[in-house]
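Okay, here's what each chain looks like letter by letter:
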Amino acid sequence: MKKLLATILTPVLLASMVVNAGQAITIKGSDTMVILAQRWAEAYMAKHPGTTIQVTGGGSGTGLAALVNGATDIATSSRPMKSSEMNQLKERYASLGVEVKTAKDGITVYVSESNPVKELTMDQVREIFTGKITNWKDVGGKDAKIILYSRENNSGTYVYFRDNVLKGKDYAANAQHMPGTAAVVNAVSKDPNSIGYGGAAYAKGVKELAIKKNASTPGVVPNAETIKSGAYPISRYLYLYLRNRPTGETKAFIDWILTAEGQSIATKVGYFPAK
Amino acid sequence: MDTRKEIPEGLRRRFRPSDWIAAQIIRLVAVTSLIMIFLIMLFVVREAAPVLKTQSHHGAELSKSSTSSESGEESTPAGVESYGETPAVQETYGEDPASKDTSAATTAAVQDDPYGTPGGSMSADEIENTKVEEVPPFTFSNLFSTSWSPVSSQAPSFGIWPLIMGSLKVTFVSLLFAAPIGILAALYTTTFAPKWTRDFLKPIIEILAGIPTVVLGFFSLMILASLLQNIFGMDYRLNALVGGIGLSFTVIPIIFTLSDDAINAVPKYLTEGSLALGATKWETNFLVVLPAAIPGIFAALLLGLGRAFGETMIVLMATGNAAMLDPVLTNPVRTLSASIGAEMAEVVVGDLHYSVLFFLGVVLFAFSFALNAIAEFYIRARMMKRFKGI
Amino acid sequence: MNKKVKGMLAMGITAFSALLCVLMVLWILGTVGWYGASSLSWEFLTQAPTEGMTAGGIFPCIVGTAALVLLMSVIGVPVGTITAIYLSEYVDRGSIVAKWVRFSVNTLAGIPSIVFGLFGLGFFIQFGGGGLDSLFYGGKLTWAQPNILWASLTMALLTLPVVIVSVEEALRNVPQELRSASLALGATRWETIWKVVLPNCTTGILTGVILAVSRGAGEVAPILFTGVAYFLPSLPQGLDSQFMHLGYHVYVMATQSADVEGTRGIQYATTFVLLALTFTLNFSAVYLRAQLRKRSIQ
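Chains as they are written, first to last, in the numbering used here: chain A, 14 to 288; chain B, -2 to 387; chain C, 2 to 299.
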C-alpha cells in the first residue's frame, strides 16, 4: 500500500517541479480567441524555431487578471479592458496597459432558415431585443411570437451587442441566455420563430439577416468585404493586452500577427482582418 | 464494537502509545468532514460577505485575495460598468492622433498604429482621472428587486427573486414526474415484482443514477427539447418543463433508492397481519405497507428536492436561462445554480457581481443544509417512533 | 369494479412506473449509443482536437479526466477510509461524535455540486493558493488560479461521502469473530485493524474508490471554475496546470463549439466515451458489491 502510494505520488510531485522551466511567451485569456491564438502561435513557432509560445484559455477575465498579476505576458480578450482591471494595472505598473486590436469579428443577426424575413434595420433589431417588438408580423414576417436568444452576460459579445446595437438599453427579460454562440446557433436553427446573434464565423444552419443602417439605406449582408469596409454596421475587435509596450520576441510576435500573414490566419479561423 | 467490555479487569491490555497515536490520528481525520462543513459555510459566506454589508464592498477580505491584491480603497464597486465601453475613452486608444507612437513599426495613419498606449499620451493627472464615475451605492434591498440584470449598462440589478422562482419551477416539475414514478417503481420492486425482475430493475436504476448530469443535460438539450416542442408546440424550445423533466432523470434514482429502503424497513408482521386478516396483496401493499413507509418516503422526497434544487449542468443547458419572474412552466427560466455556473467563470474576482454569485451559493447551501437536517433528525425520529409505537 | 380488476390495476400502475424507468434508461443509452458509436474510432481516442476543435479526437480530455480522478483518489480515499474506520471501529454507533460525523457526511452528500465549486474557488484558490503565493512566491500569481490540484481537492471533498459509505459497509461485513480473535491473541486495536480488518475488506474499499471515480469523472459543475479549460494545446504538465475534461468537453462542444452542426458526431462520441467510462466503473462496483454481500451472507 505504501509503495503504491509512493509510486503514484513521486512522478506527480516531480512533474510539478519541472514546470516553468523554459523561457516562453505566455498567452492567456478569452476562450473565443484561444483557437485563433493557438493558430498564430503554431505558425509563428514554425517560422521561428527559437521561440516558444504557450497558449491557455480560461476566459477574458481570467487572462486579464493574470496579466495584472504578472502570470502571463499577453492577455487575449474579446472585450475591452474594464476600468477595475485598468485601475489594478495602474497601481502595480503605473501603466494602463497596451491594447492591440488583432482582428475584427462581425456580429451577425441569425434567424431560422424557414423565416421569410430577410433584412432588418438597426432600430428594428434594437426594438426586438429590448422587447418593444414581440411579433414577427410587425417586421414583415408571419404572425408569430418572436423568441429571443442572447449570449450569456459574461461574454464580450453580450456587452458589445448591448452597447452598440441596443444603445445601452437592457435586453428584454424573456431573452434566453445561452452559454456560447454555438448554443445560440443551435437553438435558432431548431426554433422557427427565433432570432439570435453571434459571431459571423458561427452561422451554419441558420440564415444571416442583412442589416440596414436606417430605413432608407440598402440592407448589407455580413461578409469579409462589408465587415472590412465598415459597410456592415455591427462588428467588433478582438484584443491583445500587454502591461507595457512590447519588446524583443514579444514585439516580433505581435508585429507578425499584424502582418498580412498573421491576418490571413485570422481569416481562416473565421474572423476578419483588423484593418 | 467495543470488545474490551467483555474482558475481565485483570486481563486488560496495557496502554500502548503507538495504538493511542493511531487512534488520535484516526479521530482527527474523521472529524475532517465535520470541519469541512464549517469551512464550506465559512468560505462561501466570506466571499459573499461584501454583499451583506450595505456600503462599499471593498473590505479587509478583498485585499487578502491575491488577484486583487491592491489596496482596494480607491477602487469603486467595479465590474459594474466599464471604462473601455464608454466611447470617449476608447477614442483615446490608438485612434487619437495625440497618442500616436513613433517608435511603432508604422508611422503613417493613426489607424495603422498597432499599439495604442493610453498611458503614454496621458499625464499622471489624467491617469488619476480615468476612474469610473460613482455608481449608486449597492444596497441590500437590491438583492430583492424583481430583475436579474447583473451587467446592465445602467444600474445593475441583482434581484434574486426571478432566480429563486426559476429554481422552484424546475424543482416542482422534476418532482411532479420523479415522485410518482420513483415511489411506485420502488413499491413494485419491493412488493409485487418477482425476484428476477427485482434483480433486473435495481441495476437499471443504478445505471440511471450513474449517468453524469452533463450527459443528461446534453440529452435534454438535443433530444428531449425538440421532442417536447414537437408534441406540445411550445413557443420556447428550452423551458422549465424541459429542464424539469431532464432533472427528474437524476431525481428518480434518489427517490427510488430511498423509498425502496423505507418500504423494505416496514416490519414484516404488518404485511403478514394484513394478509392474515384477509386483505388482498394490492390492498396490503397500498393501504398498509405504503402508509407505514411514509416518513421514509417523505425523507426521500426531501433529498430528491434538494438534489433538484441545486443541480447545475442540466438546467444550465436545457432551461433557456432567461430570468423571468412568472409562474408559467413553459417559459424559459434561470435558476440559482445555473447563474453561478454561467457567470462565475468570467467575473472579476472581488467584484460586486462575484460576491453576489457567492451569495447565491449561500442560499443554495442553506437550503440543502436545512433539507438535510430535517430529513436527518425530524423524519428519522418520527420513523423510529412510529415503528416502536405500533 | 371487481376486486381482481382493481388489484390488477393497482399492480399495473406500479409495474408501469418501473417499466418507465427502464425505458428512460434505454432511450438515453440508445440515443447516445446510436449516434455516438458511428463517429467513434481509434484515432478519435488518441488524437488531440484539431481545426479549432471541429475535428480530431479527445485524447487530452481522456488524459485530463484520468489525471483528475487519480489525484482525487490519492487525496480522498485515505481520508474517507480513515473516517469510515473511525465510525465503525472506534466509536459506538450511538455516541454524540459519531452522530455528528455521520450528520456532516450526509450533509456533505447533499450539498449541491456547484457550491463545492464555489468553495474550491473561495478556499483552495483564493485562500490557500493566495496564501501560498504571498508566502513563497512574493505575490506572483502561481497557485491562486484554477489548476488540476485545486480541482482534485474539490472533487475529493465531493466524493468523500461515497468512499465513507462504501468502506463503512465493507467494514461492517467483516465478522466480529475475526476482531475478537486478533485482540485475544494480544494484538492492539490498530494492529487488528491494519492486519486483520482492512485486508478483509479490500473489495469494499475498491468499490468505494470505483464509485468515487465514476462520480468524479462525470461531475462538471465543481470544476467549472477550479481548473478545467476549454482548450489546451498541451497535456497537463504539473499540479499547477489546467486540464481538459470529458464532461466539460461535452458541455462546450454542445454550447460553444465553432460549428455546432458539423461537430454533432464529436459531441455524441464524446458523450459515448464518458458514458462508457462511468458504466464500466459502475458495473464493476455493482459486481464487487454483489460479491461482497454474497460472501458476508456465507
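Treat the hints with caution; some may be incorrect.
[Stated by the list, open to error] In silico DMTMM-like cross-links for lysine to aspartate or glutamate, where the CA-CA straight-line distance does not exceed 25 Å: (1) Lys100/C - Asp232/B; (2) Lys7/C - Glu280/B; (3) Lys131/A - Asp232/B; (4) Lys265/B - Glu262/C; (5) Lys158/A - Glu238/A; (6) Lys295/C - Asp258/B; (7) Lys5/C - Asp232/B; (8) Lys241/A - Glu52/C; (9) Lys295/C - Asp196/B; (10) Lys7/C - Glu269/B; (11) Lys203/A - Asp232/B; (12) Lys220/A - Glu104/A; (13) Lys196/C - Asp16/B; (14) Lys281/A - Glu262/C; (15) Lys295/C - Asp232/B; (16) Lys278/B - Asp258/B; (17) Lys182/A - Asp323/B; (18) Lys203/A - Glu262/C; (19) Lys217/A - Asp232/B; (20) Lys60/A - Glu52/C; (21) Lys220/A - Glu170/C; (22) Lys100/C - Asp258/B; (23) Lys4/C - Glu269/B; (24) Lys220/A - Asp156/A; (25) Lys220/A - Glu52/C; (26) Lys158/A - Glu269/B; (27) Lys141/C - Glu104/A; (28) Lys145/A - Asp196/B; (29) Lys150/A - Asp258/B; (30) Lys220/A - Asp151/A; (31) Lys281/A - Glu52/C.
[To be verified] Derived coverage of chain A by chain C (criterion: at least 3 residues anywhere in the stretch with Cβ under 8 Å from a Cβ of chain C; other residues may be distant): (32) 59 to 65; (33) 78 to 91; (34) 213 to 225; (35) 235 to 248.
I should point out that these hints are in silico values taken from the structure, not numbers from a laboratory.
Idealized CB from N, CA, C, for every residue including glycine.
For each hint, the structure was consulted:
1. With a C-alpha separation of about 51 Å, the suggested pair lysine 100/C and aspartate 232/B falls outside the 25 Å cut-off, and the hint is violated.
2. Our distance criterion of 25 Å between C-alpha atoms is met by lysine 7/C and glutamate 280/B, whose separation comes to about 9 Å.
3. For the hint pairing lysine 131/A with aspartate 232/B, the CA-to-CA distance comes to about 21 Å; that is within 25 Å, so the pair holds.
4. Using a Cα cut-off of 25 Å, the hinted pair lysine 265/B and glutamate 262/C is violated, with the two alpha carbons roughly 57 Å apart.
5. Distance hint between lysine 158/A and glutamate 238/A is unfulfilled; the C-alpha atoms sit about 34 Å from each other, more than 25 Å.
6. With a C-alpha separation of about 19 Å, the suggested pairing of lysine 295/C with aspartate 258/B holds against the 25 Å cut-off.
7. Among the hinted pairs, lysine 5/C with aspartate 232/B is inconsistent with the structure: their alpha-carbon atoms are about 45 Å apart, more than 25 Å.
8. Using a Cα cut-off of 25 Å, the hinted pair lysine 241/A and glutamate 52/C holds, with the two alpha carbons roughly 24 Å apart.
9. Using a Cα cut-off of 25 Å, the hinted pair lysine 295/C and aspartate 196/B holds, with the two alpha carbons roughly 14 Å apart.
10. For the suggested pair lysine 7/C and glutamate 269/B, the alpha carbons sit about 21 Å apart, so the restraint of at most 25 Å is met.
11. Simply put, lysine 203/A and aspartate 232/B have alpha-carbon atoms about 12 Å apart, close enough for the 25 Å limit, and the pair holds.
12. With a C-alpha separation of about 47 Å, the suggested pair lysine 220/A and glutamate 104/A falls outside the 25 Å cut-off, and the hint is violated.
13. Under the criterion of a C-alpha separation no larger than 25 Å, the hint pairing lysine 196/C with aspartate 16/B is consistent with the structure, at around 13 Å.
14. Distance restraint check for lysine 281/A and glutamate 262/C: the Cα-Cα separation of roughly 19 Å lies within the 25 Å cut-off, and the hinted pair is therefore satisfied.
15. Between lysine 295/C and aspartate 232/B the CA atoms are separated by roughly 54 Å; this puts the pair beyond 25 Å, and the hint is violated.
16. Restraint check for lysine 278/B and aspartate 258/B: satisfied, since their Cα atoms lie roughly 20 Å apart, inside the 25 Å limit.
17. A C-alpha spacing of about 22 Å is found between lysine 182/A and aspartate 323/B, which places the hinted pair at or below 25 Å, so the restraint holds.
18. Proximity of lysine 203/A to glutamate 262/C is assessed by CA-CA distance (about 11 Å); at most 25 Å being required, the pair is judged to hold.
19. With a C-alpha separation of about 23 Å, the suggested pairing of lysine 217/A with aspartate 232/B holds against the 25 Å cut-off.
20. A distance of roughly 20 Å separates the Cα atoms of lysine 60/A and glutamate 52/C; the hinted pair therefore holds under the 25 Å criterion.
21. The hinted pair formed by lysine 220/A and glutamate 170/C fails the criterion: a straight-line CA distance of about 58 Å is larger than 25 Å.
22. Of the pairs offered as hints, the one joining lysine 100/C and aspartate 258/B holds, with about 20 Å between alpha carbons and a cut-off of 25 Å not exceeded.
23. The straight-line distance between the Cα atoms of lysine 4/C and glutamate 269/B is roughly 20 Å, inside the 25 Å bound, and the hint therefore holds.
24. Distance hint between lysine 220/A and aspartate 156/A is fulfilled; the C-alpha atoms sit about 19 Å from each other, no more than 25 Å.
25. For the given pair, lysine 220/A sits about 24 Å from glutamate 52/C by alpha-carbon distance, which is consistent with the 25 Å threshold.
26. Between lysine 158/A and glutamate 269/B, the direct Cα distance comes to roughly 60 Å. Violation of the 25 Å bound is thereby established for this hinted pair.
27. Among the hinted pairs, lysine 141/C with glutamate 104/A is consistent with the structure: their alpha-carbon atoms are about 15 Å apart, no more than 25 Å.
28. With a C-alpha separation of about 58 Å, the suggested pairing of lysine 145/A with aspartate 196/B is violated against the 25 Å cut-off.
29. For the hint pairing lysine 150/A with aspartate 258/B, the CA-to-CA distance comes to about 57 Å; that exceeds 25 Å, so the pair is violated.
30. Pair hint lysine 220/A plus aspartate 151/A holds up; C-alpha atoms about 19 Å apart against a cutoff of 25 Å.
31. Using a Cα cut-off of 25 Å, the hinted pair lysine 281/A and glutamate 52/C holds, with the two alpha carbons roughly 10 Å apart.
32. Requiring three or more residues with a Cβ within less than 8 Å of a Cβ of chain C, the coverage given for the region 59 to 65 of chain A is violated, as only 0 such residues are present.
33. By the rule of at least three residues with a Cβ nearer than 8 Å to a Cβ of chain C, the coverage given for the region 78 to 91 of chain A holds, with 5 such residues.
34. Counting residues of the region 213 to 225 of chain A whose CB lies closer than 8 Å to any CB of chain C gives 4, so the stated coverage by that chain holds, three being the minimum.
35. Coverage of the region 235 to 248 of chain A by chain C is violated [criterion: at least 3 residues with CB-CB distance below 8 Å; count 0].
Violated hints, in rising order: 1, 4, 5, 7, 12, 15, 21, 26, 28, 29, 32, 35; the structure is consistent with all others.
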